[in-house]
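2 protein chains.
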Amino acid sequence: MKIYNIDQIKDISVLCKRGGTDDRELFSYVQPILEEVEKNGDRALKKFSEKFEGVVIKDLEVKSESRISDELKAAFKVAYCNIEKFHKAQIEKNREVETMPGVKCFRESRAIERVGLYIPGGSAALSSTVLMLAIPAKIAGCKELILCSPPPISAGILYVAKMTGVNRVFQVGGAQAIAAMAYGTETIPKVDKIFGPGNQYVTAAKMLLQSKGIAIDIPAGPSELLVIADDNARPDFVASDLLSQAEHGEDSQVVLLCTDEKKVNEVLKVIEKQIEVLPRKKIAKGALKNSFAVIVSDIDQAIEFSNQYAPEHLILNIRSPRKYINMIENAGSVFLGPYSCESAGDYASGTNHTLPTSAYAKSYSGVSLDSFVKKITFQEISKEGVKNIGPTVETMAESEKLQAHKNAMTIRLNSIK
Amino acid sequence: MKIYNIDQIKDISVLCKRGGTDDRELFSYVQPILEEVEKNGDRALKKFSEKFEGVVIKDLEVKSESRISDELKAAFKVAYCNIEKFHKAQIEKNREVETMPGVKCFRESRAIERVGLYIPGGSAALSSTVLMLAIPAKIAGCKELILCSPPPISAGILYVAKMTGVNRVFQVGGAQAIAAMAYGTETIPKVDKIFGPGNQYVTAAKMLLQSKGIAIDIPAGPSELLVIADDNARPDFVASDLLSQAEHGEDSQVVLLCTDEKKVNEVLKVIEKQIEVLPRKKIAKGALKNSFAVIVSDIDQAIEFSNQYAPEHLILNIRSPRKYINMIENAGSVFLGPYSCESAGDYASGTNHTLPTSAYAKSYSGVSLDSFVKKITFQEISKEGVKNIGPTVETMAESEKLQAHKNAMTIRLNSIK
Chain A
12 MKIYNIDQIK DISVLCKRGG TDDRELFSYV QPILEEVEKN GDRALKKFSE
62 KFEGVVIKDL EVKSESRISD ELKAAFKVAY CNIEKFHKAQ IEKNREVETM
112 PGVKCFRESR AIERVGLYIP GGSAALSSTV LMLAIPAKIA GCKELILCSP
162 PPISAGILYV AKMTGVNRVF QVGGAQAIAA MAYGTETIPK VDKIFGPGNQ
212 YVTAAKMLLQ SKGIAIDIPA GPSELLVIAD DNARPDFVAS DLLSQAEHGE
262 DSQVVLLCTD EKKVNEVLKV IEKQIEVLPR KKIAKGALKN SFAVIVSDID
312 QAIEFSNQYA PEHLILNIRS PRKYINMIEN AGSVFLGPYS CESAGDYASG
362 TNHTLPTSAY AKSYSGVSLD SFVKKITFQE ISKEGVKNIG PTVETMAESE
412 KLQAHKNAMT IRLNSIK
Chain B
12 MKIYNIDQIK DISVLCKRGG TDDRELFSYV QPILEEVEKN GDRALKKFSE
62 KFEGVVIKDL EVKSESRISD ELKAAFKVAY CNIEKFHKAQ IEKNREVETM
112 PGVKCFRESR AIERVGLYIP GGSAALSSTV LMLAIPAKIA GCKELILCSP
162 PPISAGILYV AKMTGVNRVF QVGGAQAIAA MAYGTETIPK VDKIFGPGNQ
212 YVTAAKMLLQ SKGIAIDIPA GPSELLVIAD DNARPDFVAS DLLSQAEHGE
262 DSQVVLLCTD EKKVNEVLKV IEKQIEVLPR KKIAKGALKN SFAVIVSDID
312 QAIEFSNQYA PEHLILNIRS PRKYINMIEN AGSVFLGPYS CESAGDYASG
362 TNHTLPTSAY AKSYSGVSLD SFVKKITFQE ISKEGVKNIG PTVETMAESE
412 KLQAHKNAMT IRLNSIK
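So the sequences go chain by chain: A and B.
Start counting the first sequence at 12; every next residue gets the next number (this note's numbering).
Start counting the second sequence at 12; every next residue gets the next number (this note's numbering).
Keep in mind that a hint or two might mislead.
The list treats identical chains as one, so a pair stands whether inside a single copy or across any two.
[What the hints assert, rightly or not] Keeping only pairs whose Cα atoms sit at most 25 Å apart, straight-line, the calculated DSS-like set for lysine-lysine is:
hint	residue 1	residue 2
1	K223	K273
2	K99	K173
3	K292	K412
4	K50	K201
5	K334	K104
6	K115	K104
7	K149	K104
8	K394	K69
9	K99	K386
10	K173	K62
11	K173	K412
12	K201	K21
Since the hints were made in silico from the structure, they are not lab data.
The following block holds chain A by itself, in its conformation from the complex (with noise of 0.2 Å):
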């Protein structure tokens, strides 16, 4: 991890640009996948299981029980009852606004009715995604709700799944799985969204596919971890949180500001010892390459610097944090003091962990009842509204040399003289 001082950084935008990947080569990679998908259906699907992955699939879809410990089915019940309750409150009340008098306007949330959910295997196979995509899914109504995993799909995820009522299960990964679920197959379902995060080759059939108008959730980079720490935060609990967000990939950044010189290098120290002992050492270490720390002069040119970082995941482990929330502009959650270890928000918190990395955060949300949703906008205009509202209409229709749109108004103001 390198370390700098504020003062010697010339250009902040610089140490804030995340390291992307050549969009252009994986389309033209991942753009073929998408095509004989859309063409040969699960023939596709099986070959390129086949090759990719080398597994032989017989039937895509999983219909297997799962078993796991008792220890761990009660864990998922408390995360499911944090996240429920979370996401329940974002439900919103209809209210009915009578823009002027007979002009009454209000707009109401209406579910989308197919949702299609990827849930990564392989290295740490994710049954916290599920419960993260699935549970705000159920309370916004969602009919008709399919998972699909690479093979083989783990116990957790196969839990979950039927814990949080995903009507299918499909054991299908990678691009392939994206166009299966955006065009439809014989056995595969075409849904209205698609959601959870990936490899480089999902995200990029996601942004291809929504290129082409197809719903996804929100674009996704590396994952990220900036932590805000004064000379009060203890060097272990700081060291833990940067490790907990490094483990997930070499490619993940951590980034430490600090208002103190001396507590960034226990920091570093500490992080030479915890790392040591842990199964996934190699990942944390190729994402500490990416990582640095910036000895800041206060906590506001902490946030100033993290604004425009606009990290996934933000830790303030500082003095009374709930003073600088209303400075926080960019970021996708936010953990507050020193008992605020992101690894609650990953798992059972009750905020979602679907969230915009790589700086999306300046301008999309994290996952949210909202993101299974739509919400249609209703007018109700009587006579008296009519005679309120017509000439306006009228003036604009006709500034905007648009007679029609003059003309449906004219003829009710008439009906009504």
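Dock chain B against chain A, hints included.
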């Protein structure tokens, strides 16, 4: 306008299919424009304006004042108030949820800092679209609000831009304007999200840039209206509504679902009369060629059809329309009763007229206050919270083989033993 009887229709999905354009051709035409703007900035913008619009632009930025009639000023003011009222009602109250003792979660909205609006010029310069985009942007608190529109920019657009607090206006149109706002040029600042309608090149540019992670409002296609009418509906009202949509463009589509065959024929007769006096008669006639009417057996059947079609605009010109609201699953904006003409919503009722077309209403909402903010989640966990949630996090992290995630919690648990 073709007339079908619902019983004769074998496959409704065929009628619901929109006439799409060839993405690939469009994309390969637009891609080089985007690249040249990214590379050459203002120089490229001026070159393309001359090439495509035959206009030589000296200054990209427009600072001139504009004069419009007092009548139009008054109309804009009424529309402004209604739109502001409806969108202000969308401001969310932040609710803190204690998901379990000592674990507090909440969510706060933050404005997207820099927003770019694209306003088409050409046959109908939509000053109303400036109202629809700039008003919620201002309510959200967006700091920098810029507008691009092809030269010459209409007085109405310039007036509304000033009235709504748009910071800077640039006279550049087409795909090159979208690229300018996405990448930034010497004159035009880069923005965090791009809004606004446009022709197929503008749309292709937005979709291509979105696949590179640049945020846009919603995918766009030709405008549409679906009217559900019963035997009680006035043919002249229905005809005027269908024509108000048809005059938008030859690629627009209007659909009439009616329970009464006689009524359908009456409406078509009235259309023939009303269309003759329209300045945009040729366009409207073109649109009617892609349009159709369906005779349905009852309103339930009509709404079922409409949900599958997922119209941008839906008019319920029927008795007691509120009875059917709960059945409506997919639509952009809905107009209830005989006096709620679409043009009221297009201009001044208060709802937003930037809506999902081409059946995108199945997965997308129209533009609202939400479109101009990000929602950041927060969590604050106390020592008590760590005791309560700790074991759950440890167990789930263990099950995902993410030891460092577990450690971050274990260290905290141990610290308070």
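Next item on the list: State whether the alpha carbon distance between K173 and K62 is at most 25 Å within one copy, between copies, both, or neither.
Entry: Close neither inside one copy (29 Å) nor across copies (59 Å); limit 25 Å.
Next item on the list: Pop the pair K292 and K412 into one bin, within, between, both or neither, using alpha-carbon distances up to 25 Å.
Entry: between (67 Å within a copy, 12 Å between copies)
Check: From the Cα coordinates, with 25 Å as the cut-off, is the pair K99 and K386 best called within, between, both, or neither?
Finding: both (16 Å within a copy, 16 Å between copies)
Next item on the list: If the cutoff is 25 Å on CA atoms, where do K394 and K69 land: within, between, both or neither? Let me know, please.
Entry: For K394 and K69, neither the intra-copy (64 Å) nor the inter-copy (50 Å) Cα distance is at most 25 Å.
Next item on the list: First find the shortest C-alpha distance between K334 and K104 inside one copy, then the shortest across copies, and answer within, between, both or neither for a cut-off of 25 Å.
Entry: between (30 Å within a copy, 19 Å between copies)
Notebook entry, point to check: Which holds for K201 with K21 at a C-alpha limit of 25 Å: within a copy, between copies, both or neither?
Noted result: Result: close only across copies, 21 Å inter versus 50 Å intra.
Next item on the list: Tell me, please, which holds for K149 and K104 at an alpha-carbon limit of 25 Å: within, between, both or neither?
Entry: Close inside one copy (18 Å) and across copies (23 Å); limit 25 Å.
Notebook entry, point to check: Are the CA atoms of K50 and K201 at most 25 Å apart within a copy, between copies, both, or neither?
Noted result: within (14 Å within a copy, 39 Å between copies)
Next item on the list: Have a look at K115 and K104 and pick one of within, between, both or neither, based on CA distance no larger than 25 Å.
Entry: both (16 Å within a copy, 22 Å between copies)
Note to self: Reference check for the pair K173 and K412, CA-CA at most 25 Å: within, between, both, or neither?
What the structure shows: between (57 Å within a copy, 21 Å between copies)
Notebook entry, point to check: Is it within, between, both, or neither for K99 and K173, if the alpha carbons may be no more than 25 Å apart?
Noted result: Within. Shortest intra-copy distance 20 Å satisfies the 25 Å Cα cut-off; inter-copy 41 Å does not.
Checklist line | Homomeric proximity label, K223 with K273: Cα distance no greater than 25 Å | finding: The answer is neither: 52 Å in one copy and 41 Å across copies each exceed 25 Å.
When each numbered hint is compared with the structure, violations occur for hints 1, 8, 10.
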